[in-house]
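S.K.: Chains as they are written, first to last, in my numbering: chain X, 2 to 488; chain V, 4 to 96.
Source of the hints: derived by calculation from the structure; they are not laboratory data.
Careful: at least some of the hints might be erroneous.
[As the list claims (entries may be wrong)] Quick list of simulated restraints, FRET-style, between CB atoms:
id : chain 1 : residue 1 : chain 2 : residue 2 : range
1  : X       : G271      : V       : R44       : 27 to 35 Å
2  : V       : E17       : X       : G271      : 34 to 42 Å
3  : X       : R403      : V       : H77       : 37 to 45 Å
[To be verified] Listing some non-contacts, in silico: residues in chain X with all C-beta distances to chain V over 10 Å:
id : residue
4  : P142
5  : E149
6  : P169
7  : A171
8  : H180
9  : D184
10 : Y195
11 : E202
12 : K203
13 : E335
14 : I353
15 : L378
16 : E418
17 : A471
18 : E474
For every residue, glycine included, the Cβ atom is placed at its ideal position computed from N, Cα and C.
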Amino acid sequence: MELLALVKHDCPVCDQVLPALDAAGVRILSQSGEAETAEQARRLGLRAVPELDEELALSERFDLEAVPAVLLLDGGAETGRVEGLHVARLAALAGRAGVSLDLQGLPEQRPGCASRTRDPDVAARLAARRARADGRIRSRPIAIGALEDPFEALYERGLTDGLPVVPPTAERVTAMLEHTSRDPQDVVGELAPYDGPATVEKVAVNAVMAGCPDEALPIVLAAVEAVCDERFALHGLLATTHPAGPVIVVSGALAQRIGMNAHGNCLGQGNRANSTIGRAVQLVVRNVGGGRPGREDRAAHGSPAKVGLAFAERLDETAPWEGLAQARGVAEDETGVTVMALEAPRVIVDQIAREPEGLCASLALALESVATPRLRLAFDAMLLVGPEHGRILREAGWSRERVQDELFARTMSPAGELVRGAGGVPEGLDPRWVSDPEMPVGKFAAPDRILLSYAGGDAGLFSMVFGGWAAGEIGSAPVTMSVAPWM
Amino acid sequence: MDVTGLEVLDPTAERDAAERPLAGRDAEPRTIALLDIRKPRGDVFLDELEVLLRARGHEVTREAKPTFTRPAPHDLRRDIAARCDAVIEALAD
């Protein structure tokens, strides 16, 4: 049986106990640096300068809360400890090791100081070291020299989207990984175009870079799972010259819990989670999949979703329907993520409509214009209904399906107005397909190809329309995933 | 100054692109596949090419992807590689 004491230089309680431990020949290790430890020994007149607890290895091993800590070891195994100053208990512990401590004149009891392993920055470093040792973190380390600016260094290595990123240190990534129960080496999916395997760890590295709040990780994971889904056709979405990118709609309580914005300016700036979740997905596409603009990504113009576009649905008492993800199969009590290949959003203004029929007629006009009114059945769309428009639909008791049916019916146009050359416009339906100029031709392939979401500020008689890319089985279909498996 | 700098984690898949040497080039490939990726008017371009290639004495096979939005299926790629000496792809509109 032997005693081992752990102290630090800036702890007044350590100062009080150290002379007794030193006089009794107890092995003492300090959590402080060499110079501070020597200075403390000199100040207290100790016979020997304490050893150093290098890398806080023993402090971490014994998971100390406070110092001074005196441990009783039997062949290296702990059989008792006293943290802080407690004269009676210290004397008893020492007695079990056959050591007599001169504790006269010390207060009977005094709490110690926090162990350095509990300092937030030290705890983060130790957690990262454990994660590396356990194989939870396996990413190759990239050393950035002391004379390099980390922001410039990451940009120069081609790892960013052009905006500054948060340097993905092992400490930050380890902290983020605390927000999922999944093994960091679980594969979320394979990313086009080079089939890079996106592990939970790699997604977290990129989410840290994007500036994501740690607790947003499950949402980012579900969104990455969605874009990797075969139905989403990420390879084609990258390769196309069309501007669409993945727009992420988050429906459910987790969105609110992590502070996503479903209200005013939900598509704009100022909300960290909204601004970074889409960006995290795009950094995964870039870094894990290898899809880079001007190379694999051939978009002629691109769009905000290529930087990152995510928003939460507003599922409060004003909502006309359940969430988009829930309508697409996610359980009511779970949060879901819907990812859809979409162009930039555009406002639809109607400040006059007060009845659902008139409002749908108005919204249908804008939906007709997706891509060009002349192209039919090739594109889906998402309509983001604003609260003042949503109120009209809610008060009329119109279900999601009723609105979709109405919009589908109102986006029919006579074939003669859509044929190539009509009105002097070369684009349009191939004349070989048009036998009856009066025949109505749908804009969309089916009512449910018009996705409805709901969000926005209280005031403003506006909704937003997002046009899709090549749709359906031959193109990209929206994909909805529950966040639950990634919690 | 901290002389050790900063260590960050690699955000990439850590897989360098596989080295793929160009396939051997026959001076005069006998059979050439014309692959339509299903973009509008790709067939017009390939029709013209077929005429030109046949006039030069090449065998020509016409192939097509199911949709331009996805990579060519593995079976199609394997099939073309087995039967043809070269492939010409009509990329866009």
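S.K.: Which hint numbers does the structure go against, in order from smallest to largest?
M.R.: 1, 4, 5, 6, 7, 10, 11, 12, 17 and 18
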